[in-house]
Amino acid sequence: MLEIAVVGEPEFTMGFRFAGIRNVKDVGEGAAEESLRQMLKEEGVGILITSQRMMDACSAEMRHTLNSSFSPVAVVVSGKDEMGSLREAIKKAIGVDLWK
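Position 39 (the sequence shown) corresponds to 101 in our numbering; numbering is contiguous.
Calculated directly from the structure, the hints in this document are not laboratory data.
Below, computed lysine-lysine pairings styled on DSS-like, alpha-carbon distance capped at 30 angstroms:
| no. | residue 1 | residue 2 |
| --- | --- | --- |
| 1 | K103 | K154 |
| 2 | K87 | K154 |
| 3 | K153 | K103 |
| 4 | K153 | K87 |
| 5 | K87 | K103 |
Estimated spans, in silico, between C-beta atoms of each pair:
| no. | residue 1 | residue 2 | range |
| --- | --- | --- | --- |
| 6 | N129 | E91 | 12 to 20 angstroms |
| 7 | S133 | D159 | 15 to 23 angstroms |
| 8 | N129 | E96 | 14 to 22 angstroms |
| 9 | G77 | G108 | 18 to 26 angstroms |
| 10 | V158 | G92 | 33 to 41 angstroms |
| 11 | M63 | D118 | 27 to 35 angstroms |
| 12 | E123 | F80 | 29 to 37 angstroms |
| 13 | S130 | K87 | 20 to 28 angstroms |
| 14 | A122 | G90 | 17 to 25 angstroms |
| 15 | M63 | G92 | 30 to 38 angstroms |
| 16 | G106 | A81 | 13 to 21 angstroms |
Note that beta-carbon positions come from the ideal geometry of N, C-alpha and C, so glycine has one too.
Assemble the whole structure, with the sequences as input and the hints as a guide.
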């Protein structure tokens, strides 16, 4: 079974830990790209969640890699309403629309 992984600053990842997600990596902006690269290669990860701040700290090449990744699907969470993009990312990852 594929799992959810989270990469971000500690204040971002804390809520995911409380929700029971175990594959969580706390990093600063300086280590964002390398941590995300490692998580993309990790077997068993189906959805990779990160913050907009982490995404902004990455190179254009890495942002493209994350945006086009199919397995795992990368979901970037920001302060804006991202429910639509999260819905599409989950549908892409598992092939089922959970909101129907």
